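Q: Chains B and U, in that order, are what the protein sequence lines are.
So for the first sequence, the working numbering puts the first residue at 1; every next one is plus one.
So for the second sequence, the working numbering puts the first residue at 1; every next one is plus one.
Everything labelled a hint here was simulated from the structure, so no lab data went into it.
What you are looking at is a predicted structure, and each value in this text was computed from that prediction instead of being measured.
Certain hints may be false.
Covered stretches of chain B, going by a simulated chain U footprint (3 or more residues, C-beta under 8 Å) [stated by the list, open to error]:
(1) 136–143
(2) 157–170
(3) 184–194
(4) 197–207
Cβ atoms here follow ideal geometry from the backbone N, Cα and C, with glycine treated the same way.
2 protein chains.
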Amino acid sequence: MAAPREPEVIRDKAAMRAWSRRRRAEGKTVAVVPTMGYLHQGHLSLISAAAAASADPVAIVVTIYVNPSQFAPSEDLATYPSDFAGDLRKLASTGVVDAVFNPPDLYVRGAGRRAAATGGAISCLEEEEAAGDGHETWVRVERLEKGMCGASRPVFFRGVATIVSKLFNIIEPDVAVFGKKDYQQWRVICRMVRDLDFAIEIIGSEIVREADGLAMSSRNVHLSREEREKALSISRSLVDARTGALKGNTDCKQIKNKIVQTLTETGGQVDYVEIVEQESLVPVEQIDGPVVICVAAWFGKVRLIDNIEIDTRS
Amino acid sequence: MAAPREPEVIRDKAAMRAWSRRRRAEGKTVAVVPTMGYLHQGHLSLISAAAAASADPVAIVVTIYVNPSQFAPSEDLATYPSDFAGDLRKLASTGVVDAVFNPPDLYVRGAGRRAAATGGAISCLEEEEAAGDGHETWVRVERLEKGMCGASRPVFFRGVATIVSKLFNIIEPDVAVFGKKDYQQWRVICRMVRDLDFAIEIIGSEIVREADGLAMSSRNVHLSREEREKALSISRSLVDARTGALKGNTDCKQIKNKIVQTLTETGGQVDYVEIVEQESLVPVEQIDGPVVICVAAWFGKVRLIDNIEIDTRS
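Throw the hints in and build the complete structure from the sequences for me.
A: This is the structure in structure tokens:
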């Protein structure tokens with residue numbers, strides 16, 4: 001790693017865009033790593049991927065913004081962990097981050113006239129806010145946003161696609177890095193970029209795990225020691241499934257049942273276990289091409305997700 | 001007007017973006033005028049507005065693309081008029097248009113696997129296309145897209161917001177000009193640009209009318225001479241309503257009833273007559289601030305729209 005270097009902290013949208021355009025005018029590739037803060041080794045690996053994204057000099061922007069629109073009112077927006085000072089130290093220690101974009105709020109708030117609700121699901125943004133003159137534009141990736149995390153978190157991908165569009169329009173990056181731990185999110189963003197013609201290369205960065213296999217997540221901090229131990233059953237069952245599939249156990253119903261059984265026996269509450277095609281996220285019955293097993297499960301009050309890619313042909 | 005000058009015709013997305021970035025690097029303001037072709041004096045007035053948009057030299061791109069996703073299968077995509085050679089002559093005659101973006105198709109087509117329909121309304125794009133690997137990302141301006149034209153054309157503004165997002169991402173303009181004849185469309189675009197943080201100034205350009213008052217539209221060509229004569233009742237009734245309002249007749253129910261009566265008596269079939277706040281498009285009962293009266297009506301097989309802004313305080 002390079003020597004420690006303080007990134008510039010930018011809070012204003014116009015200043016952020018001007019910063020980015022200056023870097024681009026200097027011939028630099030602008031790479032963005034969107035985060036919600038409370039950074040861990042997983043995030044730092046995204047930054048390494050950004051640094052390696054181009055042969056040209058890369059100007060790296062890390063965004064730290066907890067996006068209200070991707071949380072439903074019942075979800076954990078209020079308790080989402082944060083440590084901005086700690087985040088800045090970690091970013092400085094990488095020596096490669098040029099700017100941190102940390103805006104106070106990225107949504108226009110209306111005058112308080114509440115419009116008729118348009119559907120079942122609303123986000124924290126809409127709960128606190130009237131629809132009158134406030135934010136009302138949403139980017140929807142209509143097929144990929146359904147199923148898996150989209151089934152149990154109905155506003156999540158709409159909020160993600162929308163905030164990422166906003167960040168893309170503010171920062172105008174050439175490259176953006178997303179973690180494959182949020183596998184469906186990564187595919188949603190890739191599809192959105194293709195469909196809306198954003199001039200941005202999306203890099204999917206591999207999952208970073210603790211020494212014992214637990215996928216890194218800002219939410220892990222909320223796990224008790226006991227819950228954390230139990231939660232190891234997620235990564236273990238995924239690795240076992242992969243090993244089995246490569247040996248010929250490719251029946252998805254069997255594989256899923258076994259994972260559900262393992263997680264349940266260790267005290268987890270399964271949200272979903274799905275085996276889907278890697279790009280389309282369409283469920284498959286038999287593993288005979290590039291697939292990914294995706295899992296979401298609750299341990300205590302913490303919802304964890306994890307996944308493993310498998311390609312029996314490779 | 002300047003001397004005639006042939007605009008460069010660009011059909012490829014990457015070439016368009018490269019063209020635009022070169023102009024910007026030269027210090028020019030890039031202005032785009034999105035059209036569906038079959039150009040008339042109304043479009044040319046948008047180009048004049050684009051030319052006047054900045055004190056810097058302006059590079060003007062006119063897009064000509066009939067966007068399938070904003071037409072429902074029941075609508076007139078197949079018969080939408082076109083005359084590319086004539087359009088080019090008209091653009092050359094302005095002497096100020098630098099490029100014409102005329103792509104063959106801007107949507108990714110899937111492999112033919114049809115996903116379950118997600119709602120009632122679909123567009124021509126979705127009818128011809130399976131949802132499998134094809135385009136599935138939509139930009140929705142959820143409140144403004146409802147009502148008026150959105151009520152009778154349920155996929156229209158979704159298609160418009162999406163194609164405009166795509167054109168913005170391909171061309172990366174500094175300025176975009178839209179006609180206020182499509183009043184709701186203009187407001188939808190303004191809101192989308194605000195909500196998604198596009199770095200683009202939107203200019204709303206005034207309605208251009210024939211000598212007899214008919215608002216210019218590519219669809220006017222489909223009117224018979226008799227229908228065209230009858231259709232003048234639209235602009236006449238709007239001007240009468242405005243004159244009346246400025247004299248104190250500000251009761252919206254009365255005004256709307258009178259317009260409906262006039263249009264019906266002259267053989268029109270009214271789709272809607274609405275009096276709404278100019279920015280929010282929320283219906284009002286009394287005219288006591290900046291409002292706009294919007295009308296859509298069929299004359300024969302042609303659906304025409306028109307509107308008039310009124311501000312009794314000015």
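Q: None of the hints should be skipped; say for each whether it holds.
A: Here's how the hints hold up against the structure:
Coverage of a stretch by a chain is defined here by at least three residues with a beta carbon nearer than 8 Å to that chain's beta carbons; for the stretch 136–143 of chain B and chain U the count is 8, and the condition holds. Figure legend: the stretch 157–170 of chain B, annotated as covered by chain U; annotation consistent (6 residues with Cβ-Cβ distances under 8 Å, at least 3 required). With 3 residues carrying a beta carbon less than 8 Å from a beta carbon of chain U, the stretch 184–194 of chain B meets the three-residue requirement, and the given coverage holds. As drawn, the stretch 197–207 of chain B meets chain U at 3 residues by the rule of a beta-carbon pair under 8 Å; at three or more, the given contact holds.
The structure agrees with every numbered hint stated previously.
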